[in-house]
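Sequences and hints are given; from them, build the entire structure.
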Amino acid sequence: MRAYSASSEEALRARDLLKDWAGEGFLTEAQYQRMEQETVCELRRTNIFLRLVLFLFTLIIVGAAVALFFVVFLPRSATQATGIFLLMFAAISYVAAELAVSQGRLYRYGIEEALAVCSVAFLCVGLDLAFFSGVPYSSREIQFVIPAVGAIASLWIWYRFNLWYAFPAAMIFAIFLPGYWTASHSSQHVFLSVFYAAGLICIAPVRSRHRFDYLEDAYSLSEAFLWLGIYLIFNLKISALSLPSQWWSNTRPASEFAVPFYWTTWVLIWCLPPLILTRGVRQKDRFIIAVGAMTTVLTLVTNKPYLGWQRHTWDPILLGIALTGVSLFLRRWLALSPAGVRHGFTAARLSGKDKHTMSVGSTVLGLVTPQSITPAPQQTNPDFRFGGGGSGGGGASGDF
Amino acid sequence: MTILTRLEQWKEHGIISPEQHALLTGLSRGEPFSLFLELNIFLYAGILAFVAGLGWTVSTWSQQLGDVLVLTVLSTMLAACFWYCFSRAPAWSPGETRSPSPAFDYVLYLGSLIWSVELAYLENRFHMLSGQWDLYLLVTAGLFFFLAYRFDNRFVLSLALSSLAGWFGLTISHWPSHQDAAYRQYAILYSLMVGGVGAALQRRGLKPHFFGTYLNIAANVLFWALLSAVFNREGYLVWLLCLLAACGASLAWGLKRRQFSFVAYAAVYGYVGVSAVLIRDMNDGTAVLGYFVFTGVAMLVMLVQIARRFGREA
Numbered sequence: 001m002r003a004y005s006a007s008s009e010e011a012l013r014a015r016d017l018l019k020d021w022a023g024e025g026f027l028t029e030a031q032y033q034r035m036e037q038e039t040v041c042e043l044r045r046t047n048i049f050l051r052l053v054l055f056l057f058t059l060i061i062v063g064a065a066v067a068l069f070f071v072v073f074l075p076r077s078a079t080q081a082t083g084i085f086l087l088m089f090a091a092i093s094y095v096a097a098e099l100a101v102s103q104g105r106l107y108r109y110g111i112e113e114a115l116a117v118c119s120v121a122f123l124c125v126g127l128d129l130a131f132f133s134g135v136p137y138s139s140r141e142i143q144f145v146i147p148a149v150g151a152i153a154s155l156w157i158w159y160r161f162n163l164w165y166a167f168p169a170a171m172i173f174a175i176f177l178p179g180y181w182t183a184s185h186s187s188q189h190v191f192l193s194v195f196y197a198a199g200l201i202c203i204a205p206v207r208s209r210h211r212f213d214y215l216e217d218a219y220s221l222s223e224a225f226l227w228l229g230i231y232l233i234f235n236l237k238i239s240a241l242s243l244p245s246q247w248w249s250n251t252r253p254a255s256e257f258a259v260p261f262y263w264t265t266w267v268l269i270w271c272l273p274p275l276i277l278t279r280g281v282r283q284k285d286r287f288i289i290a291v292g293a294m295t296t297v298l299t300l301v302t303n304k305p306y307l308g309w310q311r312h313t314w315d316p317i318l319l320g321i322a323l324t325g326v327s328l329f330l331r332r333w334l335a336l337s338p339a340g341v342r343h344g345f346t347a348a349r350l351s352g353k354d355k356h357t358m359s360v361g362s363t364v365l366g367l368v369t370p371q372s373i374t375p376a377p378q379q380t381n382p383d384f385r386f387g388g389g390g391s392g393g394g395g396a397s398g399d400f
Numbered sequence: 401m402t403i404l405t406r407l408e409q410w411k412e413h414g415i416i417s418p419e420q421h422a423l424l425t426g427l428s429r430g431e432p433f434s435l436f437l438e439l440n441i442f443l444y445a446g447i448l449a450f451v452a453g454l455g456w457t458v459s460t461w462s463q464q465l466g467d468v469l470v471l472t473v474l475s476t477m478l479a480a481c482f483w484y485c486f487s488r489a490p491a492w493s494p495g496e497t498r499s500p501s502p503a504f505d506y507v508l509y510l511g512s513l514i515w516s517v518e519l520a521y522l523e524n525r526f527h528m529l530s531g532q533w534d535l536y537l538l539v540t541a542g543l544f545f546f547l548a549y550r551f552d553n554r555f556v557l558s559l560a561l562s563s564l565a566g567w568f569g570l571t572i573s574h575w576p577s578h579q580d581a582a583y584r585q586y587a588i589l590y591s592l593m594v595g596g597v598g599a600a601l602q603r604r605g606l607k608p609h610f611f612g613t614y615l616n617i618a619a620n621v622l623f624w625a626l627l628s629a630v631f632n633r634e635g636y637l638v639w640l641l642c643l644l645a646a647c648g649a650s651l652a653w654g655l656k657r658r659q660f661s662f663v664a665y666a667a668v669y670g671y672v673g674v675s676a677v678l679i680r681d682m683n684d685g686t687a688v689l690g691y692f693v694f695t696g697v698a699m700l701v702m703l704v705q706i707a708r709r710f711g712r713e714a
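So the sequences go chain by chain: P and E.
Numbering-wise, the first sequence is residues 1 to 400 according to my numbering.
Numbering-wise, the second sequence is residues 401 to 714 according to my numbering.
Hints are computed from structural coordinates only; laboratory data are not their basis.
Don't take every hint at face value.
[Unchecked claim] Capping the alpha-carbon separation at 27 Å, the derived lysine-lysine pairs in DSS-like fashion look like this:
1. K237/P / K19/P
2. K304/P / K355/P
3. K355/P / K656/E
4. K355/P / K19/P
5. K284/P / K656/E
6. K304/P / K237/P
7. K284/P / K19/P
8. K411/E / K353/P
9. K353/P / K304/P
10. K411/E / K19/P
11. K353/P / K656/E
Given below as structure tokens:
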């Protein structure tokens with residue numbers, strides 16, 4: 001069912017690990033050379049930059065080719081005919097992606113990924129135009145088929161090609177589903193959380209069978225996305241992640257959330273982060289720990305608006321002190337144990353990837369100045385202004 | 401065959417020692433599990449939140465708190481940060497040096513950001529340079545460059561480069577007219593200067609590992625400046641030639657040094673620039689779409705060849 005054989009993917013994983021270990025000095029050059037010869041794989045890979053550029057140009061080609069087809073051959077076609085042709089293009093794109101993998105042996109090469117992405121996009125737009133254009137508003141419920149098909153197709157792409165980003169794409173498609181079934185925002189939130197919880201229930205037993213193999217990261221990431229999704233659904237104060245009906249219009253929801261539902265979500269946003277963190281720590285799962293940390297911070301940030309309390313200008317200072325304190329305490333606590341390892345955790349760097357990430361991250365993040373995240377000041381005095389920082393310099397260009 | 405099975409086989413064949421086998425098997429199983437990256441991200445986020453809150457508090461409550469209190473608090477924190485760094489730092493070395501403690505880099509970053517907040521406060525309250533506050537950016541950039549090289553800190557180097565860019569930008573803001581052309585000239589000057597200084601420092605062996613940061617920032621600023629000129633209606637041909645020359649240099653550098661970000665810059669910026677010139681007078685939609693199909697295929701073929709020949713590994 002998967003596009004790549006387990007042996008090929010295991011070989012690629014082994015090559016990556018060997019490269020990392022050799023870089024860290026855990027293997028000698030001679031050992032690395034010999035071991036690498038035993039992990040030869042027929043799949044073609046490339047580096048991240050060429051992968052991104054190849055993805056971009058494949059998107060350009062496919063998009064332009066399809067548009068050219070309609071301009072040349074069907075300049076004034078009916079909407080339904082356009083939809084049917086788009087469905088055909090979806091099939092062609094998907095077959096091309098399969099051929100790129102089976103014949104071209106491409107693996108995370110950009111080309112096959114763009115073709116797979118295009119197939120899902122054409123499928124959804126084609127379905128909409130072919131079957132639902134001109135559908136009266138009263139029959140709108142049946143249109144849930146479009147996001148449902150999008151979600152299923154994305155899940156298939158995720159499973160078949162092992163492309164991690166297809167999983168969150170499926171989750172995003174799923175966000176649109178409850179809007180077709182109920183107008184109640186509370187019910188929409190509950191529906192979505194049930195979807196994601198069902199996903200968690202499905203993934204948990206499957207991933208336990210793939211401990212320490214090439215699929216571990218894929219399932220770990222998917223589980224992390226599901227936990228994050230559940231948290232974001234319940235945190236009603238993260239306005240950008242409200243339901244799609246509110247994305248497209250500026251109108252407020254017809255009915256506010258019921259009081260019991262509102263306070264239940266408040267309890268949940270406090271319960272979920274420790275639950276996620278515990279799960280991550282027990283599983284020693286990097287992605288789930290990251291989601292646990294992220295949701296903890298989000299809960300702290302959104303707690304005051306939830307309770308209707310006023311924000312203070314020193315709140316970020318307290319948050320900063322808390323984050324820094326936790327980080328330093330954990331680091332010290334781990335370092336003080338024998339060999340710097342406590343309960344199987346260490347603060348030491350064990351992978352060259354971490355060093356590379358830190359190096360790139362410090363360059364990019366160093367350009368981000370605090371001014372860029374500083375909210376507008378409270379107007380206590382019209383003579384005082386603070387902001388700017390658009391010219392960098394850590395805010396030295398800002399004005400009061 | 402999983403990595404654990406392979407490691408077992410390599411141990412049996414004597415390729416790795418039992419000690420190596422134990423270590424590598426443990427690493428494969430996440431034993432021990434490193435929290436290095438997570439703890440660093442927490443520290444960075446904490447510093448950023450702290451300084452953001454500090455700036456917000458100072459700007460909102462400065463009148464109530466009074467200049468003396470604000471400046472005393474900011475100066476005390478600044479002095480504490482720099483005292484910590486100068487007292488803990490190892491002797492300077494032109495090569496890459498390790499931080500004396502995990503928090504060291506972040507304390508320096510915090511000090512640099514507090515310096516910026518205090519400087520902005522001073523100028524806006526007391527107007528010591530009578531509005532010539534772009535000079536503060538130059539001074540700040542100089543200080544940050546010194547700190548970055550003294551303590552081997554990429555965070556502060558990026559701050560220095562962005563401060564310097566700000567100084568160039570602020571100079572332009574005083575120009576009464578033709579800001580676009582002037583901005584472009586300054587952007588090009590900035591990128592050439594940053595690239596040149598970075599190369600010179602690398603040749604002299606002064607923190608050569610910083611060169612990548614210099615080059616990436618210089619390349620992106622240069623490409624943006626050249627692209628903005630190519631999009632002009634008049635006099636764009638010279639700029640197009642400059643863009644193509646820059647793309648060629650970027651491509652050659654990227655392939656020679658196996659730094660594929662520069663190959664990507666050359667492909668994307670070059671394609672956008674050439675396309676902007678070629679299709680600007682095309683009114684026929686078919687021709688435009690045909691152009692994208694054929695040139696897209698040509699680019700794809702070229703990039704696949706490059707990927708097959710030079711960029712095999714992930």
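Going down the list of hints, with the structure as the test:
Taking the CA atoms of K237/P and K19/P, the gap is near 44 Å; set against the 27 Å cutoff, the hint is violated. Proposed proximity of K304/P and K355/P is contradicted: the alpha carbons are some 37 Å apart, above 27 Å. Using a Cα cut-off of 27 Å, the hinted pair K355/P and K656/E holds, with the two alpha carbons roughly 24 Å apart. The straight-line distance between the Cα atoms of K355/P and K19/P is roughly 14 Å, inside the 27 Å bound, and the hint therefore holds.
Distance restraint check for K284/P and K656/E: the Cα-Cα separation of roughly 40 Å exceeds the 27 Å cut-off, and the hinted pair is therefore not satisfied. For the hint pairing K304/P with K237/P, the CA-to-CA distance comes to about 10 Å; that is within 27 Å, so the pair holds. This hinted pair checks out: K284/P and K19/P have alpha carbons roughly 23 Å apart, not beyond 27 Å. Pair hint K411/E plus K353/P holds up; C-alpha atoms about 25 Å apart against a cutoff of 27 Å.
Between K353/P and K304/P the alpha-carbon distance is near 38 Å, which puts this suggested pair outside the 27 Å criterion. A distance of roughly 18 Å separates the Cα atoms of K411/E and K19/P; the hinted pair therefore holds under the 27 Å criterion. For the hint pairing K353/P with K656/E, the CA-to-CA distance comes to about 23 Å; that is within 27 Å, so the pair holds.
Consistency with the previously given hints fails for numbers 1, 2, 5, 9, ordered from lowest to highest.
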